[in-house]
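Residue numbers (the working numbering), protein chains in the order written: chain A, 1 to 422; chain B, 1 to 472.
Quick caveat, the hints were computed from the structure, so don't treat them as lab data.
The model shown is predicted, which means the values in this text are computed figures rather than measured ones.
Glycine included, each C-beta is placed from N, C-alpha and C at the ideal position.
Check the hints yourself; a few may be wrong.
As the list claims (entries may be wrong) - Label pairs and their calculated CB-CB ranges: (1) 165(A) <-> 20(B): 55 to 61 Å; (2) 448(B) <-> 402(A): 58 to 64 Å; (3) 271(B) <-> 374(A): 47 to 53 Å; (4) 296(A) <-> 122(B): 38 to 44 Å.
Said to hold, decoys possible - Some chain B residues judged to face chain A by a derived CB distance under 10 Å, without partners named: (5) 10; (6) 29; (7) 33; (8) 73.
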Amino acid sequence: MNPQELVDYTKSLDCIHCGLCLRTCPTYQLTGAESSSPRGRIYLMRAVAEGELAATAPEYREELDFCLACRHCESVCPAGVRFGELIESARSGVEKVQRRGFLARTARRIGFGTVLRSRAWLSLTATSMRLAQRTGAARLLGKLGRPLVEMSTVPPKSERAPLPATTPAVGPRRGEVAMLEGCAMRELFGRVNRATVEVLTGIGFETKVPQGHVCCGALHAHNGDLDGARELARDTIERFEATGNAPVIVNSAGCGAHMKAYAHLLKDDAAWRERGARFSARVKDFSEFVAAEMPADFAGTLGDELGTLTYDDPCHLCHGQQVRAQPRTVLERCGAKRVDLPDSEACCGSAGIYSMLRPDDSKAVFAKKAAAFRSSGAQTLVTANPGCHMQWESGLAREGVKARVLHVAEVLAAALRKARPR
Amino acid sequence: MRAGVLEELRAALGPAGVIADPTRLLAYECDGLALLRQKPAVVLLPRNTEECARAMRILHREKIPVVGRGAGTGLSGGATPVDGGALVGFARMRDVLEVNVADRYARVQAGVVNVDLTLAVEKHGLFYAPDPSSQAACTIGGNVGENSGGPHCFKHGATTRHILGLVIVRDDGSVLDLALPRPDPDGFDLVGLFVGSEGMFGLATEVTVRLVPTPPVTETFLAIFTDLDAACDAVSDSIAAHLEPSALEILDRLTIEAVEDSVFAAGYPREAEAVLLVEAEGTEVEVEATLAPMKAIALRRGAIDVRRARSAAERKKLWAGRKGAFGAMGRIAPDLYVADVVVPRTKLRELVAQSTRIARERRLKLANVFHAGDGNLHPNISYDRRDKDEVRRVLEASDEIMKVVVAAGGSLTGEHGVGLEKQEFMSLVFEERDLHAMCRVREAWDPAHLLNPGKLIPVHACREMRGTERPK
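In isolation and in its complexed conformation, chain A is listed as follows (with noise of 0.2 Å):
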């Protein structure tokens, strides 16, 4: 195989070697290796193109395995190197020449190629997950069911119920949108896509959620394997198409980063990738939409009642999606009492699946985020992404913090609520 096919080779000397990407990394924090860093890892990516290090070097995968892709060093980088793209094509590279361990690959095949591209497989492994936690059979599986021991309970049936096809505007009509379910949003958050809901209706926009859809792809993008991520990302196009032109609504950082580069993933299909650019055009952020859309009456409702709120920036909504005062805007002008959190642009260390795939490293990487929201003085944190969420919920209390964990979309419907009791 032509070792130029295993990494994005152009996009590889973008890298000047300047190495102010260094300090942001969070795996370069943990090591201090130069092969766990961004400047490190394009260094090797453009070795391997260059035919002196070979893309079966054990070492390697290791280096792009243990790299979050949470594109901190994007937004340092003075010359422009899209780090996500180049981590997603090089473990798609090395996908196609090392074979991983038998559980790893039945695990993936299963994961990637079963359970994320079907409802009913979700929703049987969200169950089974939720009665291994409650029977306690998931601490009889040791190691392989730590990740669910710590993590938080799965919600009952009932709220993983399916959002409706419609939901219509409460008050006067000013408009419709769209909106993204979710694969995992849906079995683990329901809550947060029903606060979602409630806000865009609440506020005058008739809310569509595409029925039958279920994953944009982005876990498969992240995990290198583009071609399943590519396939997910026509369907998904296509089922979005059908509902019209409105915005299309996410409510997770990770799906709407990715979903906003449909017309990269999908660039070498002409036919294909106009289609990705113009729906991409559609894709908002929920409070990149709700900050532009917000009703006067909104505003300063909240009071204290979830105390003071700290919003903690999902990695691919600030560095990947560029969103960072939208958030603050919507909380600010609901009447939350805000403070910053110290270095909330760094990863939680959550990174889609990579808290359950490695979970010292996330652990280790969540340390620092732990001592910022104690120095923060907070009882809630918001964020933005169900990866996120997840790690700040079993991540506060495995350190001891009590606090709340909230998403953007559920503080503004309790500040909807106060402001329009029903």
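Chain A is fixed; fit chain B onto it per the hints.
Positioned in the frame of chain A, the structure of chain B alone reads:
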């Protein structure tokens, strides 16, 4: 490396402190000077002075050469590994050990990132003055090794003026503790001698630095020129007028374009041929007394506009843009050669024009972004290291630039050090006996030539000396 040595090193530093697999070692082939590459035999990442000393004892016994490395942002090849040698990296030594607010000093481990030091002390109304453009990445230990500069060194002086004490691990692993802050050391000023020794006297593991009070007022303005020569002349005039702003920087058009296309877009006007970035600090009266005449000089030299930063945020952006300039050049070509020479400040215009001509004659893309106030030029040449002929032309241009600078009374390096890059040019500025004197100082620290060997001193100089004057 002899069998068993790796295991011994692992026992001394812990398993995460030793990198020996060929894949990971590849990432250490070069520092910020990508032209010169050499894979090390092993990389060691100690966590404290004791671990570093233990490793050095083993390496010394085995006669393995040692190269120190901070963040690998250096531009003269100071951290380029030596064939068969060890690289001692300081990326795991990032603790601020002590901040003494009343006495205005801090003690830090050598791997503390320059900007983290300032962030750690700013709440006390203090800062660490030397601010290399790479300050968001480079380490204090690396700054000590290279005697690094930075925009604000125009007023505050380079690293050497800010180092009060050091803990040094010597070639044989013995520890020389000079950490107590001494404004005027008893006996020889070994700390002063060590700063700028480019890793050839020992490895600094802890650094005591001077902290400077944050000035009550800081003001920044941007003078916009349609002509690079005029911007240079404005700087020469302000030096002659004895003005002392805290920083005086020039960025030319190509640099402005690269920066404005980047995440560090600062609002430099794209239509300008050059901008002069000026900062003054002190009391309101002092700042005005500097900036008013600076502004008059800029306008007299033909500046079409002078814009003052209206807020701290705007000022920060202007500096972030300046400091991201090197990296931003990645938008122009895959590699960048950053020359670093100092010229008499009366000859800025002439030598900037000369280097532009030298690059143009060789069909090379040259951008100028430099510490004009110090006469410290950085002709930046963009290239692609895969193009052998272009690499040859870059090296030729750099030779030529150094020659004209030295002929005009300038010097080889402003802040990047000599390293591998300028080693052979030392003979341009020093006579044999001067080089011999340097060799003798070096031999006092490192008689076996194990510390960063093959750097700084031209190869022939020390070889001759080893034949005749080698200490018994």
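Verification of the supplied hints:
The given range of 55 to 61 Å is respected by residue 165(A) and residue 20(B), whose C-beta atoms sit roughly 59 Å from each other. Range check, residue 448(B) to residue 402(A): Cβ separation about 60 Å, and the 58 to 64 Å hint holds. Taking 47 to 53 Å as the suggested C-beta distance range, the pair residue 271(B) and residue 374(A) conforms, at roughly 50 Å. In this structure the hint that residue 296(A) and residue 122(B) lie 38 to 44 Å apart at CB holds, the actual value being about 39 Å.
Because the beta carbon of residue 10(B) sits about 15 Å from the nearest beta carbon in chain A, more than 10 Å, this interface hint is broken. Against a cut-off of 10 Å between C-beta atoms, the interface hint on residue 29(B) holds, since the closest Cβ of chain A lies about 8 Å away. Annotation: residue 33(B) was flagged as interfacial toward chain A, and the flag holds, the nearest CB pair being 9 Å apart, inside 10 Å. Because the beta carbon of residue 73(B) sits about 4 Å from the nearest beta carbon in chain A, less than 10 Å, this interface hint is met.
In summary, the one numbered hint that this structure violates is 5.
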